[in-house]
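Chemist: Sequence:
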Amino acid sequence: GSSIMPGKVNPVIPEVMNQVAFEVIGNDITVTLASEAGQLQLNAFEPIMGWSLFKSIRHLANACGTLRRNCVDGIEPNREFLARRVRESVTLVTALNPIIGYEKAALIAKTALATGGPIDVVAESLGILTREQMDALLVPEHLTQPVRLSTPVPAAAVPTGTEAANPTPST
Numbered sequence: 001g002s003s004i005m006p007g008k009v010n011p012v013i014p015e016v017m018n019q020v021a022f023e024v025i026g027n028d029i030t031v032t033l034a035s036e037a038g039q040l041q042l043n044a045f046e047p048i049m050g051w052s053l054f055k056s057i058r059h060l061a062n063a064c065g066t067l068r069r070n071c072v073d074g075i076e077p078n079r080e081f082l083a084r085r086v087r088e089s090v091t092l093v094t095a096l097n098p099i100i101g102y103e104k105a106a107l108i109a110k111t112a113l114a115t116g117g118p119i120d121v122v123a124e125s126l127g128i129l130t131r132e133q134m135d136a137l138l139v140p141e142h143l144t145q146p147v148r149l150s151t152p153v154p155a156a157a158v159p160t161g162t163e164a165a166n167p168t169p170s171t
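full-length UniProt numbering numbers the first residue of the sequence shown as 1 and each following residue consecutively.
Simulated from the structure, these hints should not be mistaken for laboratory data.
Take the hints with a grain of salt, since some may be wrong.
[As the list claims (entries may be wrong)] Think about it this way: if two alpha-carbon atoms lie no more than 20 Å apart in a straight line, the pair counts; the simulated DMTMM-like pairs of lysine to aspartate or glutamate are:
1. K55 / E23
2. K8 / D73
3. K110 / E88
4. K55 / E76
5. K55 / E88
6. K8 / E76
7. K8 / D28
Whole structure, please, built from the sequences with the hints as guidance.
Modeler: What follows is the structure, encoded as structure tokens:
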């Protein structure tokens with residue numbers, strides 16, 4: 001808790017992780033300098049190298065265990081909130097480039113950013129894609145996992161008057 005802000009949870013465990021990271025960085029510099037200072041076939045600085053390395057390993061192991069037990073364990077994602085944030089992300093418009101072209105995708109993105117509107121609503125209001133087409137095309141699971149490029153876009157998802165709807169025959 002906090003003495004000046006009731007209900008606040010102080011981030012002491014993540015701060016401990018930072019402190020351990022700073023120590024490990026310092027130990028890494030110690031090992032680097034000690035290894036550079038070694039001469040001929042004998043490095044008189046091996047003891048400090050070993051000490052620094054093992055101290056870093058021990059402190060990282062202890063700090064990671066503390067972080068897991070006192071900070072990470074018990075964290076539950078707010079799946080509805082996260083799913084909404086993904087669906088509303090303007091970056092999803094990038095996936096539309098091969099279907100509607102860069103100019104139309106950029107128009108959707110710029111309009112959504114300027115108005116604060118969801119990209120599916122913006123695309124529909126601009127007459128580029130319906131919300132149903134957007135839902136069919138922008139399935140986050142499909143956009144974040146490898147898929148076969150030969151898989152055709154569902155016919156219901158391809159808007160008329162686009163490059164995908166009117167492919168140019170190859171010669």
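Chemist: Which of the stated hints cannot be reconciled with the structure, identified by number in ascending sequence?
Modeler: 4, 5, 7
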